[in-house]
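Number of protein chains: 2
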Amino acid sequence: MTAATGIWPPAATPFREDLSIDMERYVAFCHQLLRDGAHGLAVLGTTSETNSLDLEERKGVLEKLVNSGINPAQLIPGTGAASFGDAVKLTKHAAELGVKGSLLLPPFYYKGVSDEGLFEFVSEVIRRVNSKRLRLYLYNFPQQTGLIWSPELIATLRGAFPETVVGIKDSSGDAKYLNKLLEKFPGFAIFPSSESLMVDALDKGAAGCISATANTHVKEIRALYEGRKSSQAAAMNKRASAIRTLIASFPLIAAVKATLADQHKHRGWHRLRPPLTPLDEKQTTALREKLAAL
Amino acid sequence: MTAATGIWPPAATPFREDLSIDMERYVAFCHQLLRDGAHGLAVLGTTSETNSLDLEERKGVLEKLVNSGINPAQLIPGTGAASFGDAVKLTKHAAELGVKGSLLLPPFYYKGVSDEGLFEFVSEVIRRVNSKRLRLYLYNFPQQTGLIWSPELIATLRGAFPETVVGIKDSSGDAKYLNKLLEKFPGFAIFPSSESLMVDALDKGAAGCISATANTHVKEIRALYEGRKSSQAAAMNKRASAIRTLIASFPLIAAVKATLADQHKHRGWHRLRPPLTPLDEKQTTALREKLAAL
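Here the protein sequences line up with chains A and B, keeping their order. Terminal number for the first sequence in the working numbering: 294, no gaps in between. Terminal number for the second sequence in the working numbering: 1294, no gaps in between.
Any given hint could be a false lead.
Derived pair list, reagent style BS3-like, types lysine-lysine, alpha-carbon separation capped at 25 angstroms [as the list claims (entries may be wrong)]: (1) Lys64/A - Lys265/A; (2) Lys282/A - Lys1111/B; (3) Lys1176/B - Lys111/A; (4) Lys1111/B - Lys176/A; (5) Lys92/A - Lys1059/B; (6) Lys1282/B - Lys111/A; (7) Lys59/A - Lys1059/B; (8) Lys1184/B - Lys111/A; (9) Lys59/A - Lys1219/B; (10) Lys92/A - Lys64/A.
For the record, the hints were derived by calculation from the structure and aren't laboratory data.
In isolation and in its complexed conformation, chain A is listed as follows (with noise of 0.2 angstroms):
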């Protein structure tokens, strides 16, 4: 089985007024960017807002998604937990459906932990769910959990685990540090977080990405993927980089609903669950309207 490649959006999850999952829209939606664009789906992300969802819910969403006839082979969930216990039970229950892979957090509760124990976690996690099937993608977000997949730490991972732990998303957005992976390991699944990084990155061997804003900009995000080697590479480049940098101003995932509820003219979109709040009115006309200008 060969590894991901292309863009992979972390699809957003609608709520209905009381913050249930709106399943038919979300299936809906997650049709609609594979018609759109997108290679697959890294389902149950941070912009999915997975871990404000509870366990049941997260096996639910996804045994949804593969009854409504997604390929699992199109699917790349995420399935961390802080315990390895939950993260055991969530990347087995994926790996039975099929999926073509798992992206998992770093344990996130406990602070300052070492590349021994992260090295052990992960080695619990692949000894109890004992599957061939299993492919695990690292999920990189200090900025959320405190804790970075040291690139040595992946050196030992690729040695002990070479069939399993086959990629990573990166969403730190430190270029350095991307790069590093990038020159250090080629060959493994690399996933830059934003398109602003992406051309620059594949240049550099990366296998596609998988980006917030790809939820509501597949169709150009994939434009520049099929045509970053072509005479509108650049201002394709140019356009992509600014509109993610214009949501991104904002806070993200509230931004990327924001403007998927104008997208879709449907309120649901609007809806965090909490903690996660959404953009309030000022915010929202002021992104729709400098996303018009554009």
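Given the coordinates of chain A, assemble chain B onto it according to the supplied hints.
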């Protein structure tokens, strides 16, 4: 129902070689802490490695304790989770068992969230648990969660839920923050997380102490609590602080468990679940020798 007072150790968790909970040893230890002077047990806290237990294990531990004959009014379990859905399930389960209250972490995945978002999170938990018995003790541990229960937010929560939000455990170690709470919120059940801060805090109106090292030195801490106005107070306080400072000069949870392994002559106490790691041989020996010399 009056709020909790006194010494409430956050009981540590012994593991078998396969990292499963050694339940028999755990339950016996909890009974011993109560016999040795604990007023109650703040079970399933950070020192207990709760966030390294899966959700079913967390419920199971609490049921075992109650079934073993511990009065649920002597239990304040940690029932926090990153999602309000899981926090609700744990908190409701605990309330139905009749516990004294629940220690609630803020949702600890997303960072940089607003007081408004944290308020909504707590509101959802209270609304969905929907029990008159519910008593919440906020759990402040910014070093792990990256979030703080600000005095302004605490005031808002107390105003909105005066019967329910009754106290706080402050693990920040920040005396300035602690003193601010003590000054602003008379009648709020405030627990510092270290016996080094306890006597001064009790003088200023604190309710007691929830300390990691109450696992290993509950008799000394209870004696200090009772004797803090006696002629022995200064000497007892100095000794308790010296023990605390020594143990906390090592990685705290690992050092508590290494000391428990010595006290109970059982290896199971020395084990931690990843991502935490035990003290190495050299650290263990150094801690043992320095403790013996005190």
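So, going through the hints one by one against the coordinates:
Annotation: proposed proximity of Lys64/A to Lys265/A holds, straight-line Cα distance about 23 angstroms (limit 25 angstroms). With a C-alpha separation of about 23 angstroms, the suggested pairing of Lys282/A with Lys1111/B holds against the 25 angstroms cut-off. At most 25 angstroms may separate the alpha-carbon atoms for a hinted pair to count; Lys1176/B and Lys111/A meet this at roughly 23 angstroms. Of the pairs offered as hints, the one joining Lys1111/B and Lys176/A holds, with about 23 angstroms between alpha carbons and a cut-off of 25 angstroms not exceeded.
Restraint check: the Cα-Cα separation between Lys92/A and Lys1059/B comes to about 21 angstroms, which is no more than 25 angstroms; the hinted pair holds. Restraint check for Lys1282/B and Lys111/A: the C-alpha separation of about 23 angstroms stays at or below 25 angstroms, so the hint holds. At most 25 angstroms may separate the alpha-carbon atoms for a hinted pair to count; Lys59/A and Lys1059/B meet this at roughly 20 angstroms. Among the hinted pairs, Lys1184/B with Lys111/A is inconsistent with the structure: their alpha-carbon atoms are about 30 angstroms apart, more than 25 angstroms.
The hinted pair formed by Lys59/A and Lys1219/B fails the criterion: a straight-line CA distance of about 46 angstroms is larger than 25 angstroms. With a CA separation close to 17 angstroms, the supplied pair Lys92/A and Lys64/A stays within the 25 angstroms bound.
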